[in-house]
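Asker: Now for the letters of each chain:
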Amino acid sequence: ETGVTQTPRHLVMGMTNKKSLKCEQHLGHNAMYWYKQSAKKPLELMFVYSLEERVENNSVPSRFSPECPNSSHLFLHLHTLQPEDSALYLCASSQDSQELFEQYFGPGTRLTVT
Amino acid sequence: GQNIDQPTEMTATEGAIVQINCTYQTSGFNGLFWYQQHAGEAPTFLSYNVLDGLEEKGRFSSFLSRSKGYSYLLLKELQMKDSASYLCAVRGSRTNNRKLIWGLGTSLAVNP
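Which chain is which? The protein sequence lines are A and B, in order.
Residue 74 in our numbering sits at position 69 of the first sequence, and the numbers go up by one each step.
Residue 715 in our numbering sits at position 75 of the second sequence, and the numbers go up by one each step.
Since the hints were derived computationally from the structure, they do not count as laboratory data.
Take these hints with a grain of salt, some might be off.
Said to hold, decoys possible - Computed cross-link-like contacts, DMTMM-like style, restricted to lysine to aspartate or glutamate with a CA-CA straight-line distance of at most 20 Å:
| no. | chain 1 | residue 1 | chain 2 | residue 2 |
| --- | --- | --- | --- | --- |
| 1 | B | K708 | B | E695 |
| 2 | B | K739 | A | D101 |
| 3 | A | K46 | A | E89 |
| 4 | B | K697 | B | D722 |
| 5 | A | K27 | A | E49 |
| 6 | B | K739 | A | E107 |
| 7 | A | K41 | B | E681 |
| 8 | B | K697 | A | E107 |
| 9 | A | K46 | B | D645 |
| 10 | B | K721 | B | E681 |
| 11 | B | K739 | A | E61 |
| 12 | A | K27 | B | E681 |
| 13 | A | K45 | B | E649 |
| 14 | A | K45 | B | E681 |
| 15 | A | K24 | A | D90 |
| 16 | A | K46 | A | D90 |
| 17 | A | K46 | B | E649 |
| 18 | B | K739 | A | E49 |
| 19 | A | K45 | B | D645 |
| 20 | B | K739 | A | E58 |
| 21 | B | K708 | B | D645 |
| 22 | B | K739 | A | E57 |
| 23 | A | K46 | B | E681 |
Sequences are here, hints too, so could you generate the full structure?
Answerer: Here it is in structure tokens:
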């Protein structure tokens, strides 16, 4: 595997379910990100981890819970979601330095909350 | 507030040249990115500008004018595979290189 991978690619869940999204990067990067991409809205940064420490949390509801066990893996735990949480969830990674900064994205998980 | 504006949709013909504009109003500026996103796929990095002027990379070029808060992405010799959404993003802070302010994207359709 190369680059950034995400599983599952598609997920349908009820509002009372608990599920997790997984992201893995094979690039040796230090920073990992969760984004939400909804139709007709710009990419919304949710969380940023640098060297496994959460460094940014952009007012995300507590029903989204991130976990970063090491610099290669990132999870997003979901519980009691709302229909408006249906979106494409993108994971990204970057070298986390001032010089090497472009973000590499995974293919995303298309989430539908019913 | 902070804002990035791009046209919502554009259409062009195979073999032609197209220019996608992006204007931004941000409290700080430390670089502008262009990403390409095909439907159902991940955004992929195209270019980065931090100084004024034109950066050329093959068929794609990106221009920046910091005084005008303006950038454009120029695509030459268009191919059908260039049909995608093009996202403009600004890094607003020198000290926080991770946080980008994103535009809505421009959906480009290349017709034969």
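Asker: Each hint: holds or not?
Answerer: Going down the list of hints, with the structure as the test:
| no. | hint | in the structure |
| --- | --- | --- |
| 1 | K708/B to E695/B | holds (17 Å) |
| 2 | K739/B to D101/A | holds (11 Å) |
| 3 | K46/A to E89/A | holds (13 Å) |
| 4 | K697/B to D722/B | holds (15 Å) |
| 5 | K27/A to E49/A | holds (18 Å) |
| 6 | K739/B to E107/A | holds (11 Å) |
| 7 | K41/A to E681/B | holds (14 Å) |
| 8 | K697/B to E107/A | holds (16 Å) |
| 9 | K46/A to D645/B | holds (12 Å) |
| 10 | K721/B to E681/B | holds (13 Å) |
| 11 | K739/B to E61/A | holds (9 Å) |
| 12 | K27/A to E681/B | holds (17 Å) |
| 13 | K45/A to E649/B | holds (12 Å) |
| 14 | K45/A to E681/B | holds (17 Å) |
| 15 | K24/A to D90/A | holds (13 Å) |
| 16 | K46/A to D90/A | holds (13 Å) |
| 17 | K46/A to E649/B | holds (14 Å) |
| 18 | K739/B to E49/A | holds (10 Å) |
| 19 | K45/A to D645/B | holds (13 Å) |
| 20 | K739/B to E58/A | holds (16 Å) |
| 21 | K708/B to D645/B | holds (13 Å) |
| 22 | K739/B to E57/A | holds (17 Å) |
| 23 | K46/A to E681/B | holds (17 Å) |
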